Amino acid sequence: MLAYMIRRLVILLLSLFLAAIVLFVLLRLLPGDPANALVGVGATPEQIAAAQAQLGSDQPLAAQFVKYLRDIVQLDLGNSFVSRASVLDEISRRLSVTLPLTLASFVLALLIAVPFGILAAVKSDRWYGLLLSVVSQVGIAVPVFWLGILLVYEFSLNLRWLPSGGFPLRGYADPARAVQSMILPVLTISIVMSASLMRYVRAATLEVLGSDFLRTARALGESHTGALMRHGIRNGAVPVISVLGIELSTAFLGAVVVEQVFSLPGMGSMLLLGIQQRDYPSIQGVLIVSTLLVLMTGFLADLLQRVLDPRLRQGGKQ
Amino acid sequence: MLSKTDVFPRRSLRLHSTVAALTFVSAFASTAMAEGFNPTAVINIGSLYEPQNLDNTAGAGQGINEAFNGNVYEGLFVLTDSGDVEPKLIDGYDISEDRLTYTFTLKEGVSFHSGDPLTAADVKSSIERVTAENSASSRKRTLAVIESVETPDDKTVVIRLNTPSISLPYNLSYVWIVNDDAGDISARADGTGPYTLQEWRRGSALAMVPFEGYWGDAPSNGGVMFQYFTDATAQNNALLTGAVDIITSVQSPDALSLFADNPDFTVSEGASTTKELLAYNDRIAPFDSVKVRSALARAVDNKKLLSAIWGDYGTLIGSFVPPTDPWFVDLTDVNAYDPDSAKEMLAEAGYPDGFSFTLDTPDYDPHPVVAQFLQNELAKVGVEVKINIITANEWYTKVYKAQDFEATLQEHVNHRDIVFYGNPNFYWGYDNPEVVKLIADSEGVSSIDAQTEMLTKANKIIAEDAASMWLYLYPQIVVSTSNVSDYPLNGLNAQFFVSNIKKAD
Chain A
1 MLAYMIRRLV
11 ILLLSLFLAA
21 IVLFVLLRLL
31 PGDPANALVG
41 VGATPEQIAA
51 AQAQLGSDQP
61 LAAQFVKYLR
71 DIVQLDLGNS
81 FVSRASVLDE
91 ISRRLSVTLP
101 LTLASFVLAL
111 LIAVPFGILA
121 AVKSDRWYGL
131 LLSVVSQVGI
141 AVPVFWLGIL
151 LVYEFSLNLR
161 WLPSGGFPLR
171 GYADPARAVQ
181 SMILPVLTIS
191 IVMSASLMRY
201 VRAATLEVLG
211 SDFLRTARAL
221 GESHTGALMR
231 HGIRNGAVPV
241 ISVLGIELST
251 AFLGAVVVEQ
261 VFSLPGMGSM
271 LLLGIQQRDY
281 PSIQGVLIVS
291 TLLVLMTGFL
301 ADLLQRVLDP
311 RLRQGGKQ
Chain B
1 MLSKTDVFPR
11 RSLRLHSTVA
21 ALTFVSAFAS
31 TAMAEGFNPT
41 AVINIGSLYE
51 PQNLDNTAGA
61 GQGINEAFNG
71 NVYEGLFVLT
81 DSGDVEPKLI
91 DGYDISEDRL
101 TYTFTLKEGV
111 SFHSGDPLTA
121 ADVKSSIERV
131 TAENSASSRK
141 RTLAVIESVE
151 TPDDKTVVIR
161 LNTPSISLPY
171 NLSYVWIVND
181 DAGDISARAD
191 GTGPYTLQEW
201 RRGSALAMVP
211 FEGYWGDAPS
221 NGGVMFQYFT
231 DATAQNNALL
241 TGAVDIITSV
251 QSPDALSLFA
261 DNPDFTVSEG
271 ASTTKELLAY
281 NDRIAPFDSV
291 KVRSALARAV
301 DNKKLLSAIW
311 GDYGTLIGSF
321 VPPTDPWFVD
331 LTDVNAYDPD
341 SAKEMLAEAG
351 YPDGFSFTLD
361 TPDYDPHPVV
371 AQFLQNELAK
381 VGVEVKINII
391 TANEWYTKVY
401 KAQDFEATLQ
411 EHVNHRDIVF
421 YGNPNFYWGY
431 DNPEVVKLIA
441 DSEGVSSIDA
451 QTEMLTKANK
461 IIAEDAASMW
471 LYLYPQIVVS
481 TSNVSDYPLN
491 GLNAQFFVSN
501 IKKAD
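Chains as they are written, first to last, in the UniProt record's numbering: chain A, 1 to 318; chain B, 1 to 505.
Simulated from the structure, these hints should not be mistaken for laboratory data. Values in this document were obtained by computation on a predicted structure and should not be read as measured data. Glycine is no exception: its CB is placed at the ideal position from the N, C-alpha and C atoms. There's no promise every hint is true.
Below, a sample of chain A positions facing chain B; criterion: calculated Cβ distance under 7 Å [unchecked claim]:
1. Pro163
2. Ser164
3. Gly165
4. Gly166
5. Leu169
6. Ala173
7. Ser269
Given only the sequences and the hints, what does the whole structure look like? Please build it.
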């Protein structure tokens, strides 16, 4: 297990390095020098030259790359062109919205998808089992922003139960309002996410239901539910977890849209704003941190799979 | 979800004018609510224009004017919502015979939020913040006439100019007086205004509370919270659900139907300065011909266009000057809609079979719709319009900077910006020596009347020259819940004075 962890860690670091190269190249491929964006439209050539020196964009690419890597390692993401504030501070403030939003949506999606997914599989011959599969199929096709607008229409505009958007000025120091403003965004993401998760849970459960080990457990005298609980869930969980890692990353990226619909001050809206304002340090910072989070999620999902499945630990195949 | 206007807020295209001061129309919204208001109520204001930082010399955008001008910071002068330039932090001033030296006497008893008293040194450093080399202030160029600022004593400021400038008081109304000990103000504030900055959470909201030690009248409310939205629909929803009391400017007519016939809301139309226009590249054929430009102007039914886009709102204009500029005259009759004479004029100009041109069209509302309308209208007189959709960034580099275009659509938001027609190097390249001279000379005159007279004349000439095709003036619409009153309607220069706003329980 330890050897695996080390190997997996090396892969993680390598992917990070590759991602850093890709980001570096992509940001330099964009037309125009960031120095122009820094000093604005009416700048003189002298001002542009000064800005280039300040940003280092007049240096050779290799030197820029070394500085870029060093800054990342030191967690120095620079200062925003427009707000002049530290990008890292801004990201950590924004993560305090995006991470709870993503994690809460994820947990809620699991709470919906796992029981209903299992139910849909176990009762696949009943009308409500079928209905559940149909609902999840339809749910996958629902665009996140559309669902967000529907929820706002019903729960904010019609029923007046919840705010239609925004986040309190004092953030979590105003816990009641902070939680209220998170409810609809969390529902939006988790409903859409649970639809696709339900399909995976249902498929995994169906496979387990037809497996030899479950039949053997039954033959040894366990009840149907008992066998499913004891052996089925653990076996079924392995393929689901590999999907979960991807789903969590998707939820994190899906937050871009949801934050926009609900005017939440998260990472997604920071990225969009950065792009509109050609704020290179903010764009780069958000992309680096998101990449890091996505790769870390994959890493954790892989480890969790190993823990759950002894066959993987022994180098075997599922 | 991001509407196109949000991607590039149209007021970020503010291009700046140098011209001088005085009088307009319109006032504050006052409904029957003025009695019985709650002086401790916090007013929640929804806005699409979050400041990028809190320093108006560091590229903070129009949002900072909206939140801070006259609320947190004040100037030596103030541009009121009705368009007058009035003294604010001064008791009076003298102008020398040669109009090159202005001597200002500062008001007594004014102090900053930090408690420091206002002194001449603060004024000097505040002006220098705007004119500094690294200043990104849009007012930097207009204040270049300032030769020096002297402070003979604590209450006296002497400004020396290198050339007479009738617009100095007007231009000074844009200069915040900041405590010279304040240091970096990109994330905090120290002004003399009726409100102190309480807190700003980027991406979310900015709160201000009344300043106890304010020298003037205390605010009529218990504080103000600007709530920022990135999406117009989210902003409208916030007003509908009561999360905000006012939205400062409605950007799309679609939203108005939600509020217009609803007794819970008040829709107010103020005087706008935003002009939608088709700018020709006047340097190149066929647009170097007055006849061609006039013909095209006559071929387009502006009234139909405005009503298609804004319904009953908005105003037709016959020139670049909105009614709130002192040099406004109604010129809608010059080159009024007349497709038959348009065809004749085209023939006279040597284009009996018309011609075709490319219209560089910014990709956000309302330009693409306007372009299609123009395409239809001009096709009727045989002129083919090829629509080329471009981004706001491309507009800057291709049209504004490189001036590589035949014709383009754009909205110009500033008031008093007729001066652009006095600059032959401006992107549209209009070059009439008489207008250039009138506009240049109008700055050096000794009276506001003389300035107004000269600019009115310039205004008439550009209309007769059909220098550009002025399509319509946007409406300036503020929507509030009906228990809120006394808010500014015109929002000149994006200002939004909040001190008089009253909210009933």
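Hints, verified against the model:
For Pro163 of chain A, the interface hint holds, the least distance from its beta-carbon to any beta-carbon of chain B being 6 Å, beneath 7 Å. Because the beta carbon of Ser164 of chain A sits about 4 Å from the nearest beta carbon in chain B, less than 7 Å, this interface hint is met. At a threshold of 7 Å, the smallest CB-CB gap from Gly165 of chain A to chain B is about 4 Å, leaving the interface hint in force. A distance limit of 7 Å between C-beta atoms decides the matter here; for Gly166 of chain A the minimum to chain B is near 6 Å, and the interface restraint holds.
Given hint, Leu169 of chain A at the interface with chain B, holds; its Cβ is 4 Å from that chain's nearest Cβ, closer than 7 Å. The beta carbon of Ala173 of chain A comes no nearer than 10 Å to any beta carbon in chain B, farther than 7 Å, and the hint placing it at the interface is violated. Below 7 Å, beta-carbon pairs count as interface contacts, and Ser269 of chain A has one with chain B at about 6 Å; its hint therefore holds.
The earlier numbered hint that this structure contradicts is number 6, and it is the only one.
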